[in-house]
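Chemist: These protein sequences, in sequence, are chains A and B.
Each residue of the first sequence is one higher than the one before, starting from 1 at the first, in full-length UniProt numbering.
Each residue of the second sequence is one higher than the one before, starting from 1 at the first, in full-length UniProt numbering.
Certain hints may be false.
[To be verified] DEER-style ranges, computed between Cβ atoms:
hint: 1; chain 1: B; residue 1: 58; chain 2: A; residue 2: 99; range: 35 to 43 Å
hint: 2; chain 1: A; residue 1: 237; chain 2: B; residue 2: 13; range: 52 to 60 Å
hint: 3; chain 1: A; residue 1: 237; chain 2: B; residue 2: 60; range: 27 to 35 Å
hint: 4; chain 1: B; residue 1: 68; chain 2: A; residue 2: 192; range: 32 to 40 Å
hint: 5; chain 1: A; residue 1: 99; chain 2: B; residue 2: 163; range: 39 to 47 Å
hint: 6; chain 1: B; residue 1: 249; chain 2: A; residue 2: 296; range: 42 to 50 Å
hint: 7; chain 1: B; residue 1: 179; chain 2: A; residue 2: 12; range: 22 to 30 Å
[Unchecked claim] Heads up, incomplete: computed chain A residues facing chain B, CB under 10 Å, no partners named:
hint: 8; residue: 320
hint: 9; residue: 321
hint: 10; residue: 388
Think of the hints as simulated: they come from the structure by calculation, not from any bench.
Note that the Cβ used here is the ideal one computed from N, Cα and C, for glycine as well.
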Amino acid sequence: MDKQKVNKKSIAQLIGIILLIIVAAYVLFVGFTVNVYDIGKIQNTIKYGLDLTGGVNVVLEATSTDGGAVTSDEISSTISTISQRINSIGVSEPTITKQGDNRIRVSIPSISNQEEALSLIGKTAQLEFLGPDDSVILTGQDIEDSKGVMQTDSSGVQKPVVTLKFNEEGTKLFADATQKYIGQVIKIKLDDQVISSPTVNVAITNGEAVIEGQASLDEAGSLAELIRGGALPVTLEPVEVQTIGPTLGQDSLNDTFHACIIGISAVLIFMLLAYRGFGVLADLALIIYIMILLILMTALNVTLTLPGIAGLILTVGMAVDANVLIFERIKEESRLGKSLLTAIDNGFKRALGTIIDSNATTLIAGFVLFFLGSGSVQGFAVTLILGILVSMFTAVVITKQLVKILVKTGLFNNNAFYGL
Amino acid sequence: MKKNLNIAKNVKIWFGISLVLITISLGSLLIQGLNFGIDFIGGTIISIELHTPFENADARAIVDKFDPSADVTYAGDAQTEVVITTKKSFTTEERQALFSGFQDKYSLQNTDLISVDTVNASIGAEAATNAVKAVVVAVALMLIYITFRFELISGITAIMALVHDLIVVVGVYSVFQIQVNSPFIAAILTILGYSIMDTVVVFDRIRENRPKFGKYAYGELLDASVTQTMRRSIFTSVATFVAITSLYIFGVPAIQNFALPLMVGVVIGTYSSIFNAGALWYVIKTYQHKKSLKTSGTKV
Numbered sequence: 001m002d003k004q005k006v007n008k009k010s011i012a013q014l015i016g017i018i019l020l021i022i023v024a025a026y027v028l029f030v031g032f033t034v035n036v037y038d039i040g041k042i043q044n045t046i047k048y049g050l051d052l053t054g055g056v057n058v059v060l061e062a063t064s065t066d067g068g069a070v071t072s073d074e075i076s077s078t079i080s081t082i083s084q085r086i087n088s089i090g091v092s093e094p095t096i097t098k099q100g101d102n103r104i105r106v107s108i109p110s111i112s113n114q115e116e117a118l119s120l121i122g123k124t125a126q127l128e129f130l131g132p133d134d135s136v137i138l139t140g141q142d143i144e145d146s147k148g149v150m151q152t153d154s155s156g157v158q159k160p161v162v163t164l165k166f167n168e169e170g171t172k173l174f175a176d177a178t179q180k181y182i183g184q185v186i187k188i189k190l191d192d193q194v195i196s197s198p199t200v201n202v203a204i205t206n207g208e209a210v211i212e213g214q215a216s217l218d219e220a221g222s223l224a225e226l227i228r229g230g231a232l233p234v235t236l237e238p239v240e241v242q243t244i245g246p247t248l249g250q251d252s253l254n255d256t257f258h259a260c261i262i263g264i265s266a267v268l269i270f271m272l273l274a275y276r277g278f279g280v281l282a283d284l285a286l287i288i289y290i291m292i293l294l295i296l297m298t299a300l301n302v303t304l305t306l307p308g309i310a311g312l313i314l315t316v317g318m319a320v321d322a323n324v325l326i327f328e329r330i331k332e333e334s335r336l337g338k339s340l341l342t343a344i345d346n347g348f349k350r351a352l353g354t355i356i357d358s359n360a361t362t363l364i365a366g367f368v369l370f371f372l373g374s375g376s377v378q379g380f381a382v383t384l385i386l387g388i389l390v391s392m393f394t395a396v397v398i399t400k401q402l403v404k405i406l407v408k409t410g411l412f413n414n415n416a417f418y419g420l
Numbered sequence: 001m002k003k004n005l006n007i008a009k010n011v012k013i014w015f016g017i018s019l020v021l022i023t024i025s026l027g028s029l030l031i032q033g034l035n036f037g038i039d040f041i042g043g044t045i046i047s048i049e050l051h052t053p054f055e056n057a058d059a060r061a062i063v064d065k066f067d068p069s070a071d072v073t074y075a076g077d078a079q080t081e082v083v084i085t086t087k088k089s090f091t092t093e094e095r096q097a098l099f100s101g102f103q104d105k106y107s108l109q110n111t112d113l114i115s116v117d118t119v120n121a122s123i124g125a126e127a128a129t130n131a132v133k134a135v136v137v138a139v140a141l142m143l144i145y146i147t148f149r150f151e152l153i154s155g156i157t158a159i160m161a162l163v164h165d166l167i168v169v170v171g172v173y174s175v176f177q178i179q180v181n182s183p184f185i186a187a188i189l190t191i192l193g194y195s196i197m198d199t200v201v202v203f204d205r206i207r208e209n210r211p212k213f214g215k216y217a218y219g220e221l222l223d224a225s226v227t228q229t230m231r232r233s234i235f236t237s238v239a240t241f242v243a244i245t246s247l248y249i250f251g252v253p254a255i256q257n258f259a260l261p262l263m264v265g266v267v268i269g270t271y272s273s274i275f276n277a278g279a280l281w282y283v284i285k286t287y288q289h290k291k292s293l294k295t296s297g298t299k300v
């Protein structure tokens, strides 16, 4: 190999990059505060699944009491009812999603009165119309439909209202009550919570009423949805329940965090031993990979679960694979007698196709998991997919630049340093 | 230049090893089956922190009121946790009553209920069906991809190597009767992705080396390609294995359930991509070639 001069510009570049990585890692993992600008450390900003925070996860199966299939309208009304219930006990950020045709998954993180929440969620909705003396006028079974709509009132102004439509039995009951309570207030209660208290203006005998005084069409819509939910001929049965106490969640998080640090360190050391000079670069690229992945996951609001962490560690292995493929290629090229720079160029070029083909197949598995899986399996799939994409980027783009700069510095010209 | 490995010449040995592994796996599956956890057969697992070592009989007395067939075991660093496992899926009321029973006896806080897991049997059966569906879809898509990027024979042999890996991983679970729960499915699908990635690298090299060898020199082509890619296969596998093993050793039980099948999968996936996938390809290619020689020979 011909003697190259030491290239000061490249050395400065290399030192600059290493410093930049250290600063970025510091800000990311320790946090940074300047005056009002506060960048929290990533451990606190990333969203954790409830296997790491503790919480309740329940899948409810809806069955129609009238024997028919549960419609998707009925499911969405049920979802509104459930979220109303959870809000009423004042817990933070529940996730309620429809799963399949007739199931609803409810996840509530960091909740202490778990069993209480569970019995509340699974309860059949109790909707009641009460008179001023708290006597029950009618129940959810007597209501046929309810909608939030815009209606023109007597002075020609468009106003949002909630319409009510009663069935035969309900029409009669409501007619009697409205005759009796003209000028008084009727309370509409869902699960013992008053959701609306309209005043009776006239006796309504045709089975169709409107509730005025809604602030917006949205508000009218959600009240109507609650009423529909309370009128649903649907019973809910929990088919899958998982609760994790806050202590277990926190312990899992700490233990797993340490396990990850050990695992990643082991990989970093292995790469150093296996590839020496190139190993340093692969390690830098790997650290960049982990940082980009964590930032992306935070930005995309991906929930990090235990299987997700396993996926993350697995993608560390895959990120290494791309580098291994490249370095092995460079070695082969170098053995054929090519100069270091040519070997590097050819190595990257040749390895690229292999990297794409081998990662594409893993991506296929990731997407299948995402579309056919549910709950935590999906979280794992997202981590896997993001990991593959980011690792291809760091291996192909970042490692290549790092290798080129290192060689250009001219500091290390013996092949042994590169493990060749 | 290093000497090439003799993969092609010794196919019988490689296939023999794989055949033994598959026979053991399938045999165990037939005889003792899999030890399915509650995710698949339904049931309840409740863990409660009692803050004190306890007599099994005391715990039993409470649990028997709800299900006399339930298992009651110890857990935790100081053995102060009680874990109740049953095949019955308890209702919310039953669980609350059970926990109250412990609460009264050991004066516990609400937060001492460490974890609860209840799955209905119906949903469990569904999970199993979905898992099989996911595996079939993933395999079909991979076959299409490899056929499109390489050739049909590569695709088929890659899938055969993959099925081999899956059977062995499931076999390990059957032989050691390790409990199978839903993380197992995600792990299996990940192995699918990982193992095929390993195999594709070998086929990629065969494709690249092809012009350098005689048209029908399948054996030499295979040996050279596997030799060139073997270091990479082993290095990557070691790195991945080391990372996942750390999770297994230092992680919590929930993540261990996930890490263990991955560890087995990485090892067997590496074996099959070095010794099986390419070797199968070689055997089929050689057979096709001989057959075509024969048919053209008879015509002449």
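Chemist: Would you mind marking each hint as holding or not holding in the structure?
Modeler: For each hint, the structure was consulted:
At about 40 Å, the CB distance of residue 58 of chain B to residue 99 of chain A agrees with the hint of 35 to 43 Å. In this structure, residue 237 of chain A and residue 13 of chain B meet the distance hint of 52 to 60 Å, their C-beta atoms being roughly 56 Å apart. Distance hint for residue 237 of chain A and residue 60 of chain B: a CB-CB separation of about 29 Å, consistent with the stated range 27 to 35 Å. Distance hint check for residue 68 of chain B and residue 192 of chain A: the Cβ-Cβ separation is about 38 Å, which falls inside the suggested range of 32 to 40 Å.
Our hint of 39 to 47 Å for residue 99 of chain A and residue 163 of chain B is violated, since their Cβ atoms are close to 30 Å apart. Range check, residue 249 of chain B to residue 296 of chain A: about 28 Å between beta-carbon atoms, so the 42 to 50 Å window is missed. Distance hint check: the CB atoms of residue 179 of chain B and residue 12 of chain A are about 57 Å apart, inconsistent with the given range 22 to 30 Å. With 10 Å as the threshold, the beta carbon of residue 320 of chain A comes within range of chain B, its nearest partner Cβ sitting at about 4 Å, so the hint holds.
At its closest, the beta carbon of residue 321 of chain A sits 4 Å from a beta carbon of chain B; the interface hint therefore holds under the 10 Å criterion. At a threshold of 10 Å, the smallest CB-CB gap from residue 388 of chain A to chain B is about 9 Å, leaving the interface hint in force.
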